[in-house]
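K.L.:
This is what each chain is made of:
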Amino acid sequence: MIEWQPLFLTFKLALVTTALLLIIAVPLSYWLAYSKSKVKPIIETLVSMPLVLPPTVLGFYLLIAFSPSSTVGNWLNDYLDLQLIFSFQGLVFASIIYSLPFMVQPLQSGFTNISTSIIEASYVLGKTKTETLFKVLLPNMKSSILTGLVLAFAHTIGEFGVVLMIGGNIPGETKVASIAIYDEVEALNYTMANTYSIILFAITFSILLLVYIVNGGYIKQFKK
Amino acid sequence: MTHISVQKKLLAADGEMQLNVNITLEQGKLTAIYGPSGAGKTSLLRIIAGLLKADKGSIIVNQKTWLDSSKNIFLKPQERKVGFVFQEYALFPNMTVQENLLFALDKGQNKKNVDDLIAITELENLKNRKPENLSGGQKQRVALARALVRKPDVLMLDEPLSSLDLSMRNKLQDYILKVHKEYNLTTVLISHEVGEIVKMSDTVIILEKGEVVKQGKPFDVFTNKQISGKFQFTGDIINIQKEDIIYVVTILIGISFVKVVAEENEIIDLNIGDTVMVASKAFNPIFQKIK
Chain B
0 MIEWQPLFLT FKLALVTTAL LLIIAVPLSY WLAYSKSKVK PIIETLVSMP LVLPPTVLGF
60 YLLIAFSPSS TVGNWLNDYL DLQLIFSFQG LVFASIIYSL PFMVQPLQSG FTNISTSIIE
120 ASYVLGKTKT ETLFKVLLPN MKSSILTGLV LAFAHTIGEF GVVLMIGGNI PGETKVASIA
180 IYDEVEALNY TMANTYSIIL FAITFSILLL VYIVNGGYIK QFKK
Chain U
0 MTHISVQKKL LAADGEMQLN VNITLEQGKL TAIYGPSGAG KTSLLRIIAG LLKADKGSII
60 VNQKTWLDSS KNIFLKPQER KVGFVFQEYA LFPNMTVQEN LLFALDKGQN KKNVDDLIAI
120 TELENLKNRK PENLSGGQKQ RVALARALVR KPDVLMLDEP LSSLDLSMRN KLQDYILKVH
180 KEYNLTTVLI SHEVGEIVKM SDTVIILEKG EVVKQGKPFD VFTNKQISGK FQFTGDIINI
240 QKEDIIYVVT ILIGISFVKV VAEENEIIDL NIGDTVMVAS KAFNPIFQKI K
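Chains B and U supply the protein sequences, listed in that same order. Heads up: the first sequence is residues 0 to 223, going by numbering that gives the first Met the number 0. Heads up: the second sequence is residues 0 to 290, going by numbering that gives the first Met the number 0.
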């Protein structure tokens, strides 16, 4: 009998991560898109690091940083009562860092693609930067936002290395679908591994397909 | 009254350039700014709007200081009451025509203003359309109406008509004049068209390499007083052709071609693409209404 918990956990993790990422990435990518600061290239590099770094490296350093014997881990534990090692919160934190470029880059290019005169028009009409962000910028980059959401979501579903390093394999807490598949294969339980894999395959395929349909304007064509 | 006295170092195509402008705009008057590309026309408008910071100077609009570098005063674009019509329209693509105008309203401002502007620019039938479904002329009408929603102290138009065809341009000129008079605006218009400037503006300022080189009534500024021609036009040479012992110079004036006969010594410094003045003073030209 298939265990639904790892799948359920995977989607819970992906949803929470994506939602938090959106909140973090909007101001961050806004700053990256418009700032002329000298530290910008450094921040850009840091954000993009997870694209090239092996997930195990990221997981390893997070493990070291958050272990209860380290200063950071100790502080988090003492003052915020937060355990980031082998816990769901830890997975969320690691996933946010790991999927950050997948959310930030589409948003950043969405911001830079909006013509400057539209932004200036809004300022000249007396609108503040915040009003302009929510009423002019974000509504005119919906497809970038959708791309960011979906990529971050799908990328979190596909996480393995980071989760293994920092989360381990605790059922109901950190045992996500990708870990479960690995587990089943280790136990030579190929049928079960196949069931999980097919479900993941089907769901990610549908999500990506939906994005291409929406962003490619295929729905609009039917409406006409 | 609006006093503008600003200086700014600009990067032009051929190196650095010092923009140094000292002008006065009269309430209710339309001032045109004319000059070659890269003369600093758009930069000047952007400095007035607060989109570009001047290095030094002051801008005082109806006794209110928008900029005074000696006292460290710099009002943000949001705090200046300006209307700005961009060359590329800059309408918000996510909003309909009406929503574009409503967005411009200040907090607590009466919505009736928007309805009035929609009526005056004849946008009733288009008010629920998105900008992507409008023609260039319609978009520019929306941009004009939107710039007026907040009742600006200064209305600025940055080559608003340059991408429109001739008949559309004529109509838009009339709309601009209509709102300019109706709202008693102080208007600044950048234009490359001498005809447009003569038709629309009360004063013209000619800007070259960041400096005001000439200003005054458009007709006086543009007509060369040395020739008392009965009629004179400026046009561009598009062809010079030798026929027997004389030359035929074809000149494009507006959208009409004129062929003028010239002798060899007259065409020595003339090249295709040169701008020339065509004048006649011996005959009295006849004209009749055709449209």
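No wet-lab data here; the hints were simulated from the structure. Be aware that one or more of the hints could be misleading.
Okay, derived cross-link-like pairs now, DSS-like style, lysine-lysine, Cα gap no bigger than 30 Å in a straight line [to be verified]:
id : chain 1 : residue 1 : chain 2 : residue 2
1  : U       : Lys55     : B       : Lys141
2  : U       : Lys241    : B       : Lys37
3  : B       : Lys128    : U       : Lys111
4  : U       : Lys110    : B       : Lys134
5  : U       : Lys126    : B       : Lys35
6  : U       : Lys80     : B       : Lys37
7  : U       : Lys8      : B       : Lys39
8  : U       : Lys129    : B       : Lys35
9  : B       : Lys35     : U       : Lys75
10 : U       : Lys180    : B       : Lys141
11 : B       : Lys128    : U       : Lys55
12 : U       : Lys129    : U       : Lys180
13 : B       : Lys141    : U       : Lys126
14 : U       : Lys288    : B       : Lys128
15 : U       : Lys111    : B       : Lys37
16 : B       : Lys128    : U       : Lys129
17 : U       : Lys8      : B       : Lys134
18 : U       : Lys55     : B       : Lys35
19 : U       : Lys110    : B       : Lys39
20 : B       : Lys134    : U       : Lys129
21 : B       : Lys141    : U       : Lys208
22 : U       : Lys208    : B       : Lys128
23 : B       : Lys128    : U       : Lys70
K.L.:
Mind checking the alpha carbons of Lys111/U and Lys37/B for me, to see if they're no more than 30 Å apart?
P.N.:
47 Å, violated
K.L.:
Is the Cα-Cα distance between Lys55/U and Lys141/B 30 Å or less?
P.N.:
Answer violated: Lys55/U to Lys141/B is near 41 Å, above 30 Å.
K.L.:
Next pair to validate is Lys141/B with Lys126/U; report whether the Cα-Cα distance is within 30 Å.
P.N.:
Judged against 30 Å, a Cα distance of about 23 Å means the pair holds.
K.L.:
With a cut-off of 30 Å on the C-alpha distance, tell me whether Lys110/U and Lys134/B pass.
P.N.:
Answer holds: Lys110/U to Lys134/B is near 19 Å, not above 30 Å.
K.L.:
Would the hint linking Lys129/U and Lys180/U be met if the CA-CA limit is 30 Å?
P.N.:
This hinted pair holds, its Cα atoms lying about 29 Å apart.
K.L.:
Starting from Lys129/U, check that the Cα of Lys35/B is at most 30 Å away, please.
P.N.:
The hint is violated at about 33 Å.
K.L.:
Is the straight-line distance between the alpha-carbon of Lys8/U and that of Lys39/B 30 Å or less?
P.N.:
Status holds; Cα separation ~26 Å.
K.L.:
Going straight from one Cα to the other, do Lys180/U and Lys141/B come out at no more than 30 Å?
P.N.:
41 Å, violated
K.L.:
Between Lys241/U and Lys37/B, does the CA-CA distance stay at or below 30 Å?
P.N.:
Violated, at roughly 62 Å.
K.L.:
Please verify whether Lys128/B and Lys129/U have alpha carbons no more than 30 Å apart.
P.N.:
23 Å, holds
K.L.:
Could you grab the alpha-carbon distance between Lys208/U and Lys128/B and see if it respects the 30 Å cut-off?
P.N.:
34 Å, violated
K.L.:
Taking 30 Å as the top limit, are the C-alpha atoms of Lys128/B and Lys55/U close enough?
P.N.:
26 Å, holds
Hints 1, 2, 5, 6, 8, 10, 14, 15, 17, 19, 21, 22 from the list above are not met by this structure, while the remaining hints are.
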